[in-house]
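J.: Chains as they are written, first to last, in UniProt numbering: chain A, 1 to 360; chain B, 1 to 360.
Some clues are possibly wrong.
Claimed, not checked - No farther apart than 25 Å at their CA atoms in a straight line, the calculated lysine-lysine pairs in the DSS-like style are these: (1) A:LYS340 - A:LYS173; (2) B:LYS265 - B:LYS141; (3) B:LYS360 - A:LYS360; (4) A:LYS340 - B:LYS360; (5) A:LYS173 - B:LYS47; (6) A:LYS225 - A:LYS57; (7) B:LYS47 - B:LYS57; (8) A:LYS360 - A:LYS272; (9) B:LYS57 - B:LYS225; (10) B:LYS47 - B:LYS340; (11) A:LYS225 - A:LYS141; (12) A:LYS340 - B:LYS173.
Said to hold, decoys possible - Far from chain A by the CB rule (all over 10 Å, computed), these chain B residues: (13) ASP37; (14) ARG132; (15) ARG291; (16) LEU315.
Don't read these hints as lab results, they were simulated from the structure.
Quick caveat, the model's predicted, so the values are computed rather than measured.
Don't be surprised by glycine CBs; every beta carbon is placed ideally from N, CA and C.
Spelled out, the chains give:
There are 2 protein chains.
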Amino acid sequence: MIHIRKKPAVLEVHLVRKLCVAAIAILVSSQAGADDDLMNAARRTFKPIPSVVPAVKDNPVTHEKVELGKMLFFDPRISASGIISCNTCHNLGTGGADAGPTSIGHGWQLGPRRAPTVYNAVFNVAQFWDGRAPDLKAQAKGPVQASVEMNATPEHVINTLNSMSDYVVMFKKAFPIEASPVTFDNFAKSIEAFEAVLITPAAPFDQYLEGDPNALNVQQKAGLKLFMETGCSSCHNGINVGGQDYFPFGAVERPSTSLLPTADKGRSAVTKVASDEYVFRAAPLRNVALRPPYFHSGQVWSLKQAVGVMAEVQLDAKLSDKEQNDIVAFLNSLTGQLPKIEYPILPTRTETTPLPSTGK
Amino acid sequence: MIHIRKKPAVLEVHLVRKLCVAAIAILVSSQAGADDDLMNAARRTFKPIPSVVPAVKDNPVTHEKVELGKMLFFDPRISASGIISCNTCHNLGTGGADAGPTSIGHGWQLGPRRAPTVYNAVFNVAQFWDGRAPDLKAQAKGPVQASVEMNATPEHVINTLNSMSDYVVMFKKAFPIEASPVTFDNFAKSIEAFEAVLITPAAPFDQYLEGDPNALNVQQKAGLKLFMETGCSSCHNGINVGGQDYFPFGAVERPSTSLLPTADKGRSAVTKVASDEYVFRAAPLRNVALRPPYFHSGQVWSLKQAVGVMAEVQLDAKLSDKEQNDIVAFLNSLTGQLPKIEYPILPTRTETTPLPSTGK
């Protein structure tokens, strides 16, 4: 019997095995299909950060401009007090932003909004939370002159730069066809050129978008799926996972006034259109995990909490704890490779350099 | 006649030539002797900056400590406000000091004295203008806690560091035999280790001290000679051309109160000895040309003017314009090669990191 029954048993086992293999193949194929669908959907919605420096409108990014712009970015003597540089509020060591909630400027005044990151800012549709500067060269002129930030004037900047021959030489090299290159415009263009190199490619999510299905783990993929299906990606999309368009903060429910102070009307101050009240540029989420606190008001210190707030006030969605964790895991996959920056040795002030002024 | 007279004439010419050559040889030899004397005198008075990192007492300088110390040096979250780092006042881009006259700290308060440079500070006999800290590890604890500077507490520092696992791991690597290495002492030791690498070798003056007579030009040698003969080097000597001992500011004549404010009694506040009133550590003059303004009060913006003041109030000497220029030329030869520092990417704050506090 044993021998007789053996063959059918073996056959059965073979049959079961075949069926199992087939079933697993169907399952795997189904999972693979779902994975492919997710990757395809992601590729339609987002774009990877390039590994080469992007072109900038009206401002070719040359080595000379980048080197000069780096010095200007780190030079506190651009400010009236002599202690605030671009890097003070856009600290490259802490995600391109400062400690927050909002920035401390000249005279220890608190600014009205959280400092946006300079990393990948070149990819945003426009600059500032309300998009009031069309590009980084326009943006760079703002904080320098804001009384609550660097409290300087274009004249102070130009006098400071002209007082140091090393700077004058660098401007001549960066703008070789101009007779008098030390201008406020060229100051801003140099900073824009430096900021154009502040891109952070090769995040796990970039590798995923480039076709590596293993660049994201299971939880990150679940988070990505949720991020798209819940509707986050309807505003946070494109190369910067945001930063491409303007939306009301509180689309379905008004956030608390600590998150959305009533005094700050957002983009309507720029467009003078009533419907733009409390409208802001969708925050670019590249490297978002590196720079709490969140929102323009900088009052939320946890990325998970920020995700929960956004789901509620923008999408009328109540995410479970697991769902929030999954989305946070996905957001962590947006942290790219930060460029290595050598701290610049700045030209030495001369007797014609404007003196620092700490008063208001 | 012409022919007859030719020979003696030729002989005469030869004789004159020989005499001239001999005379020039004597002059050259005399000049060479004077040059040798100057170099020998300089070598007895000063020492070159070494090109290797010096040993530090009770704190072996390891790669791990230096890397950690660099992060701590640049981390503004050490301060209560989250925006002031060691580098804010000891800016490595501007000679290791800030814009001056004195430093701006927490709440925009003005400190009482000019920030001393961190470059080559490891070679000073003690730290601060009054030498109240015996070494850099003791010094590093001061500004962190000073209400007019970073306004933090050891507890704030330790809580901040413990809240970020990357820091905890780095402390474990830097202090591998300690069970609980995240301490205020080790924080200070790490900063001291980083500051020990902030040395600036290979200045023209170092090359001169190493035996290259052409490393200084004629004016710089004249300035060096004056610097020693006028008496400057009786206080400003050794490896740091100063920083080795304490002397009254106004040894022969009291400087104006803008330069020597009466409220700041100098070292007597440390030693409680009346004769130490208005006594300060002789300023180390390495890289002095990189960091105006001068003196502890930071009211003199020109190195030449500073030289003139010192000659008058310390040495009762009235230097001519040329002599001042010569000494300034010599002081310019003290500018060495500054180390290249990669700007550190800092650990990301977590939900347990203390929040910044901008209030007083």
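J.: Decide, hint by hint, whether the structure agrees.
T.: Taking the hints in turn, this is what the structure says about them:
{"no.": "1", "hint": "A:LYS340 - A:LYS173", "verdict": "holds, 23 Å"}
{"no.": "2", "hint": "B:LYS265 - B:LYS141", "verdict": "holds, 22 Å"}
{"no.": "3", "hint": "B:LYS360 - A:LYS360", "verdict": "holds, 19 Å"}
{"no.": "4", "hint": "A:LYS340 - B:LYS360", "verdict": "violated, 36 Å"}
{"no.": "5", "hint": "A:LYS173 - B:LYS47", "verdict": "violated, 39 Å"}
{"no.": "6", "hint": "A:LYS225 - A:LYS57", "verdict": "violated, 35 Å"}
{"no.": "7", "hint": "B:LYS47 - B:LYS57", "verdict": "holds, 20 Å"}
{"no.": "8", "hint": "A:LYS360 - A:LYS272", "verdict": "violated, 30 Å"}
{"no.": "9", "hint": "B:LYS57 - B:LYS225", "verdict": "violated, 35 Å"}
{"no.": "10", "hint": "B:LYS47 - B:LYS340", "verdict": "holds, 23 Å"}
{"no.": "11", "hint": "A:LYS225 - A:LYS141", "verdict": "violated, 40 Å"}
{"no.": "12", "hint": "A:LYS340 - B:LYS173", "verdict": "holds, 23 Å"}
{"no.": "13", "hint": "ASP37", "verdict": "holds, 33 Å"}
{"no.": "14", "hint": "ARG132", "verdict": "holds, 24 Å"}
{"no.": "15", "hint": "ARG291", "verdict": "violated, 8 Å"}
{"no.": "16", "hint": "LEU315", "verdict": "holds, 24 Å"}
Hint violations for this structure: numbers 4, 5, 6, 8, 9, 11, 15, all remaining hints satisfied.
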